[in-house]
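Here the structure of chain E is known, so what remains is to put chains V and D in place on it, guided by the hints.
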Amino acid sequence: MRRKFPTLSLSRPARMVLLLGSMALLVSFPFWASRYWVDVGFYVGLYALLGLGLNVILGEVGLFNLGHAAFWAIGAYTTAILNVRFGLPTLALLPISALVAAGCAWLVSSPIIHLRGDYLCIVTIALGEIVRLVLINNPGGLTGGPNGVIGIARPAIFGHTIRTPMDFYFLVWAIVALCAFGLRQLQRSRIGRAWNYIREDEIAAAAMGVDVRALKLLAFVIGAGLAGMAGNIFAAKMRMVSPDSFTFMESCLIFVVVLLGGMGSIPGTILGAALVVLFPEIFRPVAQYRMLFFGLALAATMYFRPGGLWPRRRTVEFATKEP
Amino acid sequence: MKDSEALLETKGITKRFRGLVAVDRFDIAVREKTIHSLIGPNGAGKTTVFNVITGIYRPEEGQVLFEGQVVNGLKPHEILARGIARTFQNPRLFRNMTSLENVMAGAHAHGRAGMWSSIFRLPHQRREEREILERAEFWLEKVGLWRFRNELARNIPYGAQKLLELARALASKPKVLLLDEPTCGLNESEKETMMNFIGSLPQMGLTILLVEHNMNVVMGLSDLITVMNYGKKIAEGTPEEIYNNPVVIEAYLGRSEGYAVAS
Amino acid sequence: MLTFIQQILNGLTIGSFYAFVALGYSLVYAILKLINFAHGDLFGLGAYIGYTVFVYAFGVIGSRFGLWGLLPMGFVAAAMGTAAAGLAIERVAYRPIYPIGRLPAVVSALGMAIFLSNFIMAVWGPRYLAYQESFIPTGFWQIGDLKIRILQVIILLSSLVLLGVLYFLIEKTTFGAAVRAVALDRETAALMGIDALKVIRFAFAVGPALGAVAGVFVGMYYRQINFTMGWVYGLKAFTATILGGIGNIPGAMVGGVLLGLLEALTAGYISAAWKDVFVFAALMLMLIFRPTGLLGEKIAEKV
Chain E
1 MRRKFPTLSL
11 SRPARMVLLL
21 GSMALLVSFP
31 FWASRYWVDV
41 GFYVGLYALL
51 GLGLNVILGE
61 VGLFNLGHAA
71 FWAIGAYTTA
81 ILNVRFGLPT
91 LALLPISALV
101 AAGCAWLVSS
111 PIIHLRGDYL
121 CIVTIALGEI
131 VRLVLINNPG
141 GLTGGPNGVI
151 GIARPAIFGH
161 TIRTPMDFYF
171 LVWAIVALCA
181 FGLRQLQRSR
191 IGRAWNYIRE
201 DEIAAAAMGV
211 DVRALKLLAF
221 VIGAGLAGMA
231 GNIFAAKMRM
241 VSPDSFTFME
251 SCLIFVVVLL
261 GGMGSIPGTI
271 LGAALVVLFP
281 EIFRPVAQYR
291 MLFFGLALAA
301 TMYFRPGGLW
311 PRRRTVEFAT
321 KEP
Chain V
1 MKDSEALLET
11 KGITKRFRGL
21 VAVDRFDIAV
31 REKTIHSLIG
41 PNGAGKTTVF
51 NVITGIYRPE
61 EGQVLFEGQV
71 VNGLKPHEIL
81 ARGIARTFQN
91 PRLFRNMTSL
101 ENVMAGAHAH
111 GRAGMWSSIF
121 RLPHQRREER
131 EILERAEFWL
141 EKVGLWRFRN
151 ELARNIPYGA
161 QKLLELARAL
171 ASKPKVLLLD
181 EPTCGLNESE
191 KETMMNFIGS
201 LPQMGLTILL
211 VEHNMNVVMG
221 LSDLITVMNY
231 GKKIAEGTPE
241 EIYNNPVVIE
251 AYLGRSEGYA
261 VAS
Chain D
1 MLTFIQQILN
11 GLTIGSFYAF
21 VALGYSLVYA
31 ILKLINFAHG
41 DLFGLGAYIG
51 YTVFVYAFGV
61 IGSRFGLWGL
71 LPMGFVAAAM
81 GTAAAGLAIE
91 RVAYRPIYPI
101 GRLPAVVSAL
111 GMAIFLSNFI
121 MAVWGPRYLA
131 YQESFIPTGF
141 WQIGDLKIRI
151 LQVIILLSSL
161 VLLGVLYFLI
171 EKTTFGAAVR
181 AVALDRETAA
191 LMGIDALKVI
201 RFAFAVGPAL
211 GAVAGVFVGM
221 YYRQINFTMG
231 WVYGLKAFTA
241 TILGGIGNIP
251 GAMVGGVLLG
261 LLEALTAGYI
271 SAAWKDVFVF
281 AALMLMLIFR
291 PTGLLGEKIA
301 EKV
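If you're matching them up, the sequences are chains E, V and D in order.
Residue numbers for the first sequence follow the working numbering, beginning at 1 and rising by one.
Residue numbers for the second sequence follow the working numbering, beginning at 1 and rising by one.
Residue numbers for the third sequence follow the working numbering, beginning at 1 and rising by one.
Here chain E stands alone, though its shape is the one from the complex (with noise of 0.2 Å):
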């Protein structure tokens, strides 16, 4: 008999609380931090967000998406190369690396949308190294190899340049926090339902009148995006790109982030990128074992809390009746 693990269920002034405590403790960290851990929190943000990306995909929709580094690596070369390149200033990169990540997610994934569970995500993962190797062998002399590309500029708003880690967390978690928003916003939306029809019974939607073959097509378009700006702020981050940090083991983690926080939920996909990120700082004492500890503890989650650390709650407000 499997033992059932406590959950806690809080009423909705304690969620506020909650979520103004957790904002209140976001917003003031940098200042209190000190450079390391705020470096770190970057981290959690950027997994964030690409973890938000993938959870539309996987979480919402319950496509396998193995190969999301690939729509990462999108943006962060799109960002490299215009920028060192093209001259285009780093920031109004922004939105296009998302958009370009975006309209190759859309054509990528218009053959293969309609693909059963394992084969998509066989698929995933060949798309994912399809795009490694391809920026490996630079073609055209574009990527740059195995090197990648160097000399992004700092991004610059109204005169400031990004440039400390303060800058780039408060950079990532802000965007982190429209893209919640907006998510939540469409959770709780026509268009949210569907996507959570087609995960349940892809078939009995389609009966119900969901356009499958759409929607699936708009959460891959939205998780690309995501992960393409991601790839912008990484990029600036770091101030080059190479094919080294966009691995299916990248795709895996991201994965990991999405599944431990719990399907579909967007405060547990925030919570599953903090663990992913702090895991091997936790564990930095015994360095070479970490991995070891992460892979078990990877399985023992599965078995103790499949459901995720932070499942996602299902409630509808009534329109005209009393509760």
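Warning: the hint list may mix true and false statements.
What the hints assert, rightly or not - Straight line, CA to CA, 16 Å or less: simulated EDC-like cross-link-like pairs of lysine to aspartate or glutamate:
(1) V/K75 x E/D211
(2) V/K173 x V/E250
(3) V/K232 x V/E250
(4) V/K175 x V/E9
(5) V/K75 x E/D118
(6) D/K33 x D/D185
(7) D/K33 x E/D118
Hints were generated in silico from the structure; no laboratory data involved.
Below, chains V and D without anything else, positioned relative to chain E:
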């Protein structure tokens, strides 16, 4: 008994699965605001006919016509939008979502709100959400499942699940409702509830095509019955005509020398 | 012409490696519908166990039994060690999770893959380890430009034998029928008196064992091993599984060989750098136009 004003009809549809002919040049014409039953032994092809009509399968031959227009070849969600809704033999509910959310699925097709209007909660989107919610609440209550509104679909009793699927289909404002064995697995009192509910639907303007094994239900509700066996139509007529039709009796019971179908 | 034959030969050799690993994936997937991500790393583990036996036991055993006595021992040790690891992983990380769902099982498999590759790194170190010449058959035949290594012949012959035995086992014996039955419908097979657990254990012992054999061969063929080899081979072998039709056991063999041929021909005639891209692109095209694979899968959904 063909009627040129049939709301839904199939003309000579044939569906093959790699050599097995599941449906063989099958015709049926369903008249508006009637309850038309499709019966036959297990494996006769009844659910396959449903799947062809609703676009899950493409027929190798023949046509499906709705309101006079050809609809085979359309995708399932387009067929729903035209006004044909269905339930499944084993309920296909959205198990990890609440009952209310399940019924709201029926209302999805008539919504228009897209991504941006949803994110920014534009006025027309908010109005639409409210309508969807009201319609879902209406039907959930109509089938008597209001108390389960916040329960996950997988946690409610089987009889309630069948009703929930029905409510979901009704929320899509259908003109024709295809019901696949709606009383299957229900106890006597649940069967009666279901039967009465279905019987009340034509008065609300709905047309019903019903697949059923329970003869009480079929005889009690139907205006017209079509009988299938081995993918073909073998008989058609009113309940009285079918009740004593030797071809039908033989199909169900085998050669039995005038043994009447038990009531 | 000779270059072509050379590439074919290389392709068949690499294809055997993929076929061995692909078989393991296919067996487990057929029976459990689980993509065992850890499988690639089990292949790597095999290579490392073989290495360990060859290097450390060389002195003791080699002097007694010579090279041809040592080699089989290495293989057997690798196969048994890896089979044990496979069984352990199944017992600890998968069996408790099957009833929970497919996605948690897949994530658990991912976790085991991460664990295993890092375990290898922890025990043997992150650097490349070299299989020394002393225990690799290095002879070869030369026909003009064509170079046939004795090792290649050994590999191809062993592949034929092992795969043949497995094919016979699965298609022609009673136990094989049990395996196929469980693959088609585990519950019904259990109701018919088939011990599903035995079949599962078979898959988790034989699959990794075959992978281990391939691992040792790979070590000999390329002369070096690294703890990341599991991921790379695993991924390609899995695409071979899909090529042949997932869950289809003869298909995995065919898929593996085809993949090897495709890779060798691309490397030889187009470009070594782009070979992997071509292989993955071929996979994608395959899935788009013939999603059930070359030999077809055996799964249908009733509506």
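### Query
Which earlier hints can't be squared with this structure?
2 and 5
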